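Q: One letter stands for each residue in the lines below.
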Amino acid sequence: MKRTLSVLVENRPGVLTRVAGLFSRRGYNIDSLAVGRTENPTISRMTIVVDGDEQIIEQVCKQLNKLIDVIKLSDITDDPHVGRELMLIKVNADPAVRGEIMQIVDIFRARIVDIARNSLIIEATGDADKIDALENSLRPFGIREVVRTGKIAMLRGAKTKGMEASGDGTGD
Amino acid sequence: MGQETKVRTGARAVMEVLQAEGVELVFGYPGGAVLPLYHELAQTSIHHILVRQEQNAVHAASGYARTSGRTGVCFATSGPGATNLVTGIATAYMDSVPVVIFTGQVPTSMVGSDAFQETDITGITIPITKHNYLVKDVEELPRIVKEAFYIASTGRPGPVLVDIPKDVALAPCQAPIPEKVELRGYKPTYHGHPGQLRALARLLKESRRPLLFAGGGVIASGAEGYLQELAEKIQAPVATSLTGLGAFPEDTPLSLGMVGLHGKPCANHAVMECDLLVGLGVRFDDRVTGAIEKFAPRARIAHVDIDPAEIGKNVRVDLPLVGDISCVLKELLALVEPAEHPEWLERIKILRNNYPLTYGRGGEVRPQWVIERLGEMTRGRAIIATDVGQHQMWAALFYGYTEPRTFISSCGLGTMGYGLPAAIGAALARPDRQVWLITGDGSLQMSMAELGTAIEQGISLKVLLFNNQSLAMVRQLQHFYYEGRYTAIKFTGNPDFVRLAECYGATGLRIAKQEEVVPALARAMQEDGITLIECLISEEEMVYPMVLNGAALNEMLLPE
Ligand SMILES: Cc1ncc(C[n+]2csc(CCOP(=O)(O)OP(=O)(O)O)c2C)c(N)n1
Ligand SMILES: [Mg+2]
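Read top to bottom, the protein sequences are chains A and B.
Just so you know, the first sequence maps onto residues 1 to 172 in the working numbering.
Just so you know, the second sequence maps onto residues 1 to 560 in the working numbering.
Rather than coming from a laboratory, the hints here were simulated on the basis of the structure.
Hints should not be assumed to be uniformly reliable.
[Claimed, not checked] No farther apart than 25 Å at their CA atoms in a straight line, the calculated lysine-lysine pairs in the PhoX-like style are these:
{"no.": "1", "chain 1": "B", "residue 1": "Lys187", "chain 2": "A", "residue 2": "Lys159"}
{"no.": "2", "chain 1": "B", "residue 1": "Lys180", "chain 2": "A", "residue 2": "Lys66"}
{"no.": "3", "chain 1": "B", "residue 1": "Lys146", "chain 2": "A", "residue 2": "Lys66"}
{"no.": "4", "chain 1": "A", "residue 1": "Lys66", "chain 2": "B", "residue 2": "Lys136"}
[Unchecked claim] Stretch by stretch, here's where chain A covers chain B in the computed footprint (C-beta under 8 Å, at least three residues):
{"no.": "5", "segment": "118 to 126"}
{"no.": "6", "segment": "308 to 314"}
[As the list claims (entries may be wrong)] From chain A, some residues computed to sit far from chain B (all C-beta separations above 12 Å):
{"no.": "7", "residue": "Ile30"}
{"no.": "8", "residue": "Asn65"}
{"no.": "9", "residue": "Asp69"}
{"no.": "10", "residue": "Asp94"}
{"no.": "11", "residue": "Arg98"}
{"no.": "12", "residue": "Asp114"}
{"no.": "13", "residue": "Arg117"}
{"no.": "14", "residue": "Ser119"}
{"no.": "15", "residue": "Gly142"}
{"no.": "16", "residue": "Val147"}
Please read all numbers here as calculations on a predicted model, not as lab measurements.
Quick reminder that beta carbons are idealized off the backbone N, C-alpha and C, glycines included.
From just these sequences and the hints, can you work out the full model?
A: Structure representation (structure tokens):
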């Protein structure tokens, strides 16, 4: 079972180490982890996709909440949210197949951001399914390199998972 | 924040916070990077205890903290000083002991350069501290030190480390000591959820065979009075974990003693037969549960703890209740009606009679018997520090604790060498009480250099050393699990411990015969200063009861 956790943390050095260390130390499986500053410069948000059964997810959340630098944690998997990932992908593209590749890029509403003699870099955003599908479609041409950011997510509608939403550190 | 603060060095600001926190003692060991702190410490009335190895500074601070209920404080230098702390910190962390540790660090400009005596001690101690800090800006120092004490001593207590680069300690600091701690990511839950409290009261009412299971959390939150009140009000027997010894007086009829792999037979049977088990400030450690799938098979389990992450971690829990044990028990007492469980208590009486705690075979002087005599002669009122090994289990089983904060032992990590420094900390915390260290020849040799510290501090301390010339607890494991192929457990070069004591200026006594036991204990009780009693015992002694791997708690091996 994959769960998406949205975690507000203090924007301080060492916080990422504490979080990542917790996952490896306790043997939890991290699928992806994306981190960046929020609208409040003293706070960062981590979007963590974690894999495990119910008991493991509960422990992950409780252990994360124990970290002093974790301000608020929400499991947003079941809330309507927009989830996005950014991928850069470098594919083999000699002139003979470029047209075909560009068609695929169009279908996925991705973009070509760099052209070399025999390769292209394509930029795509979307949920994990779309990104995976694009990668699969490009595979026959020969993929040289893939870089993915991991998922970031935001609740739909006016609701937020910011500090003002609840204000305590115990998650919900 | 408006008021003006005079400029002083970072190190001086640290001392101001220590004084504001009421710190009286600091355990430590100096070195280059931490000298700015020592320079200022010397200007205060805070007493410094110079140990012989940094690990023991943390152990001593931990013994002090556990005995007094206050926060222990340590100083150490960077590099090797800091790494020597690690076992001490991990020991305190596993037993949730409030300790604040200050380490010196190389100057900020050199951090990360593999400078002389540089180690990343904050990186190293992330998994074994409740929180830690590397201070980069001197203006943050007063806030950080204040936070460190707050975090260490509130919620589920634990060690907090503050790493201070030398230049930061020497830099001018203007920031005042904040009056309050504001941590948006740290808000422990003290009061029980009203719905869950009512649910627990209902479970207690429905139960015909309730069992209260008290752990270190009861002692940490000072809940022993409420626990006693509850047990008597609903006539429920009380068992404890190793860390929970002393949370409930063992000389009362409702007390069952310790549960676990070496638990008392009656307590272990009660766990297996109860229909409601209420865990209070316990972790359900694997040394308590035995085979987890066979644990408390007939019971619904309620678990009260201040740390939500402990609830549901090891055992299935029917009723979780997050909160401070004192708050929760007080709130619960208002909800429960007096009750009686005559059949259950009758059953407990039968268990107690059918399964008494016995010794099995052994040599001339029986360590279990010695500890029973000690319990009688001190009326269960001494502070007992222990090391780790067979002697620790005998100390847990045969002494008979009657008060909280009197059993001081490394329970969660099982750290040999903990005993002597912890006993020193305990003796400094409670000069009015008799302090005994119960130790083994293996454990004592891990920290016996601290005899020098004990002598220097002029404390009164009695050491009861069970010398079997071996690591007999390991021998016991090899007996049961490794076909009796005894390997690496025999000491042939032990010192003459009586003369060792004497060469430190302590009193040394030796017990080799049963009739020498009581006179030696009596003499030690009268002596001031340090008295070491070496008690010669057989390496073939076994700790019973013993629950073998994979067995349930009631499938104990008992002596023939
Ligand atoms: C630091 C450390 N190293 C190793 C162990 C493993 N161990 C557990 S008990 C024990 C033997 C302890 O010997 P001693 O102190 O003489 O006690 P005895 O069992 O003989 O009473 C050992 C080696 C430990 N608990 N701690
Ligand atoms: Mg021994």
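Q: Once the closest CB in chain B is found, is it more than 12 Å from Asp114/A?
A: holds, 35 Å
Q: Given the hinted pair Lys180/B and Lys66/A, is their alpha-carbon gap at most 25 Å?
A: Given that 25 Å is the threshold and the Cα spacing comes to 21 Å, the pair holds.
Q: Does Asp69/A sit more than 12 Å from chain B, CB to CB?
A: Answer for Asp69/A: violated, closest chain B Cβ roughly 6 Å.
Q: Would you mind confirming whether the straight-line C-alpha gap from Lys66/A to Lys136/B stays at or under 25 Å?
A: Holds, at roughly 24 Å.
Q: Within 25 Å, alpha carbon to alpha carbon, are Lys187/B and Lys159/A?
A: With Cα atoms ~24 Å apart, Lys187/B and Lys159/A stay inside 25 Å; holds.
Q: Residue count check for the segment 308 to 314 of chain B against chain A: does it reach three with CB-CB under 8 Å?
A: The restraint on the segment 308 to 314 of chain B holds, since 4 of its residues have a Cβ under 8 Å from chain A and three suffice.
Q: Does Ser119/A sit more than 12 Å from chain B, CB to CB?
A: The claim holds: Ser119/A sits with its nearest Cβ about 38 Å from chain B, beyond 12 Å.
Q: According to the definition I'm using, a residue is off the interface if its beta carbon is farther than 12 Å from all beta carbons of the partner; does Asn65/A meet that for chain B?
A: violated, 7 Å
Q: Hey, does Gly142/A actually stay past 12 Å from chain B on C-beta?
A: Holds, since 41 Å exceeds 12 Å.
Q: Does the claim that Val147/A lies outside the interface with chain B hold up, using a Cβ gap greater than 12 Å?
A: It holds; Val147/A is separated from chain B by about 27 Å at its closest Cβ, greater than 12 Å.
Q: Within 25 Å, alpha carbon to alpha carbon, are Lys146/B and Lys66/A?
A: holds, 19 Å
Q: Confirm or reject the statement that Arg98/A sits farther than 12 Å, beta carbon to beta carbon, from all of chain B.
A: It holds; Arg98/A is separated from chain B by about 47 Å at its closest Cβ, greater than 12 Å.
Going through the hint list in order, the structure does not satisfy hints 8 and 9.
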